[in-house]
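Student: In case you want the letters, here they are:
There are 2 protein chains.
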Amino acid sequence: MDFSSKLLENAVNEMSQLPGIGKRTALRLVLHLLKQPKEQTHKLSLSLQNMRDEVNFCENCHNISDTKLCEICANPNRLSHIVCVVEDIRDVMAIENTSQYRGHYHVLGGKISPMDGVGPSELNITTLVEKVKSGVVEEIIFALSSTMEGDTTNFYIFKQIEAYKVVTTTIARGISVGDELEYADEVTLGRSILNRIPFENSLKSS
Amino acid sequence: MDFSSKLLENAVNEMSQLPGIGKRTALRLVLHLLKQPKEQTHKLSLSLQNMRDEVNFCENCHNISDTKLCEICANPNRLSHIVCVVEDIRDVMAIENTSQYRGHYHVLGGKISPMDGVGPSELNITTLVEKVKSGVVEEIIFALSSTMEGDTTNFYIFKQIEAYKVVTTTIARGISVGDELEYADEVTLGRSILNRIPFENSLKSS
Chain X
1 MDFSSKLLEN AVNEMSQLPG IGKRTALRLV LHLLKQPKEQ THKLSLSLQN
51 MRDEVNFCEN CHNISDTKLC EICANPNRLS HIVCVVEDIR DVMAIENTSQ
101 YRGHYHVLGG KISPMDGVGP SELNITTLVE KVKSGVVEEI IFALSSTMEG
151 DTTNFYIFKQ IEAYKVVTTT IARGISVGDE LEYADEVTLG RSILNRIPFE
201 NSLKSS
Chain B
1 MDFSSKLLEN AVNEMSQLPG IGKRTALRLV LHLLKQPKEQ THKLSLSLQN
51 MRDEVNFCEN CHNISDTKLC EICANPNRLS HIVCVVEDIR DVMAIENTSQ
101 YRGHYHVLGG KISPMDGVGP SELNITTLVE KVKSGVVEEI IFALSSTMEG
151 DTTNFYIFKQ IEAYKVVTTT IARGISVGDE LEYADEVTLG RSILNRIPFE
201 NSLKSS
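Chains as they are written, first to last, in the UniProt record's numbering: chain X, 1 to 206; chain B, 1 to 206.
For the record, the hints were derived by calculation from the structure and aren't laboratory data.
Fair warning: there could be bad hints in the mix.
Which copy is meant is left open, so a pair is good if it fits within one copy or across any two.
EDC-like, lysine to aspartate or glutamate: derived pairs with alpha carbons at most 20 Å apart [what the hints assert, rightly or not]: (1) LYS159 with GLU122; (2) LYS35 with ASP66; (3) LYS68 with ASP53; (4) LYS35 with GLU59; (5) LYS43 with GLU54; (6) LYS68 with ASP151.
As the structure is a computational prediction, the values presented were derived from the model and not from experiment.
With these hints in hand, go ahead and build the complete structure from the sequences.
Tutor: Structure below.
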């Protein structure tokens with residue numbers, strides 16, 4: 001693209017570094033900002049910069065937090081002996097939205113993926129193993145996505161904590177509530193039959 | 001969405017003000033920035049702010065420019081007596097990419113659209129009419145999109161300059177080069193038959 005302005009070109013180039021934002025979309029977004037009051041751009045760029053410079057990660061679970069301990073870890077009503085292992089903060093938000101979980105989290109920050117250059121040392125695994133070693137954890141719930149990378153990560157962590165006295169579970173895979181069986185994929189349907197639960201259990205719902 | 005950090009929430013909220021960016025996408029983009037070096041966020045926010053604060057519009061054609069006159073208007077080899085009227089700077093870039101046009105532009109900054117609260121006074125129409133009045137313009141080429149708003153805008157401008165001695169043209173509508181007739185919409189195909197051109201003319205191409 002041939003820009004008539006260096007300033008515009010810079011802004012478009014930086015914007016298009018974001019994932020899923022191509023040059024055309026970046027140009028559309030930047031031109032939108034030009035039509036809005038200057039204040040909007042100021043607020044946007046200030047909020048991004050503040051966030052990047054000042055954001056903290058919870059010492060205990062690596063969740064994003066403005067304080068040393070995140071709200072969940074700091075809450076005495078949450079059960080610290082149950083730890084749900086997730087990939088990133090969006091999973092924490094998703095599980096919190098269900099209001100069905102009262103334990104703690106442990107945010108890995110990704111999945112083991114040699115293809116993308118992500119090994120175990122890039123993830124928050126050591127602190128999780130330490131937590132298990134210290135004896136405060138009774139149950140580890142694996143809640144990574146069920147992809148090859150997710151399974152690898154689960155298994156890697158499992159091997160590290162196997163020797164310690166801790167229950168390991170994984171979230172149930174099955175047919176989504178409301179979905180029709182005939183459209184479900186075979187793997188999911190197969191697992192949901194293998195892992196069937198007592199009927200009475202399905203009656204206690206949220 | 002329930003954020004564990006105010007800083008994160010602010011950044012996501014500001015980001016999701018952009019057109020076509022919802023809260024989920026905004027969160028994805030912001031989390032991506034968190035995984036990148038701080039410098040990337042700094043460069044992004046600085047480039048946006050610089051652009052918004054310092055960008056200029058060409059005095060003559062309202063194109064975005066870092067100088068008082070844009071490169072096109074300042075270029076003595078461009079024909080100043082032919083003016084192509086476009087909606088925004090992206091149209092200038094698109095036409096420039098064809099290398100087929102040697103005249104000047106006039107960027108309106110939008111189309112007349114009462115539904116969106118855009119009237120003639122919000123657009124750069126007065127300066128165009130002044131330009132025509134001053135007698136330097138011999139031909140006005142309308143190159144707005146052929147929507148109701150585009151047609152309204154064309155007609156509004158046409159009425160304003162009708163009294164002056166100036167040729168008004170509009171870019172050709174027709175079947176895209178390489179397209180198959182059977183898939184073309186009827187209006188376009190109809191126009192391309194009505195506005196057929198001498199066969200020899202089609203031989204001189206870029």
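Student: Now tell me, hint by hint, if it's right for this structure.
Tutor: Status of the hints after comparison with the structure:
no.	hint	result
1	LYS159 with GLU122	within (18 Å within a copy, 66 Å between copies)
2	LYS35 with ASP66	between (33 Å within a copy, 17 Å between copies)
3	LYS68 with ASP53	within (15 Å within a copy, 36 Å between copies)
4	LYS35 with GLU59	between (42 Å within a copy, 17 Å between copies)
5	LYS43 with GLU54	both (16 Å within a copy, 16 Å between copies)
6	LYS68 with ASP151	neither (31 Å within a copy, 59 Å between copies)
In this structure, only the earlier hint numbered 6 is contradicted, and the remaining ones agree with it.
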